[in-house]
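K.L.:
Sequence:
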Amino acid sequence: MKLRLAFSRKGKTDPGREPVIARVVKETGVLINVEKANIDSMAGEVLIDVPDRDADLVRRCLEEMGVTVRAMENAVIRDEEECVDCGACISVCPQEVFSFDAEWRLCVSAERCVLCGKCIQACPHGALSQQG
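For the sequence shown, the positions run 1 to 132 when the UniProt record's numbering is used.
In short, the hints are calculated from the structure, not lab data.
Careful, some of the hints might be misleading.
Quick list of the computed label-pair ranges, beta carbon to beta carbon [what the hints assert, rightly or not]: (1) C86 - I39: 34 to 42 Å; (2) K10 - F100: 42 to 50 Å; (3) P51 - E82: 29 to 37 Å; (4) R9 - W104: 44 to 52 Å; (5) H125 - V25: 35 to 43 Å; (6) R9 - A102: 46 to 54 Å.
Heads up, the beta-carbon is just placed ideally off N, CA and C, and yes, glycines get one too.
All chains should be built: construct the whole structure from the sequences, respecting the hints.
P.N.:
This is the structure in structure tokens:
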């Protein structure tokens with residue numbers, strides 16, 4: 001399961017000042033894959049992937065450390081009424097989230113998405129969006 005983490009780094013006691021992901025791995029034994037991170041001097045957002053069976057444990061541990069955690073079950077959302085199956089998203093996606101089926105209809109494997117946003121920018125019909 002993909003989890004989106006958000007934390008502050010402003011104060012000396014804010015969670016972003018500590019190695020929260022490393023601490024969760026050490027305390028729970030759950031391996032965490034960091035798929036995307038945007039961290040600056042004031043705040044941070046990180047997208048992690050954890051085994052589904054361990055998601056609640058990891059979430060609880062992070063929240064106890066003061067990290068805001070949000071499950072990303074459908075990271076990229078396709079408006080089927082607006083989509084014309086042009087495939088513009090296929091060519092720009094670095095994670096192979098998009099493909100065509102045997103009838104040349106667009107298929108979405110949202111669990112592969114790392115929230116880069118390239119597909120949203122490339123879609124000429126505005127048929128793609130991200131889960132906030």
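K.L.:
Does each hint fit the structure? Answer for all of them.
P.N.:
Evaluated hints:
1. C86 - I39: 34 to 42 Å: Holds - the Cβ-Cβ distance for C86 and I39, about 35 Å, lies within 34 to 42 Å.
2. K10 - F100: 42 to 50 Å: 46 Å, holds
3. P51 - E82: 29 to 37 Å: At 34 Å between Cβs, range holds.
4. R9 - W104: 44 to 52 Å: The hinted range 44 to 52 Å holds for R9 and W104, with Cβ atoms some 47 Å apart.
5. H125 - V25: 35 to 43 Å: For H125 and V25 the Cβ distance comes to about 41 Å; the hint holds.
6. R9 - A102: 46 to 54 Å: 49 Å, holds
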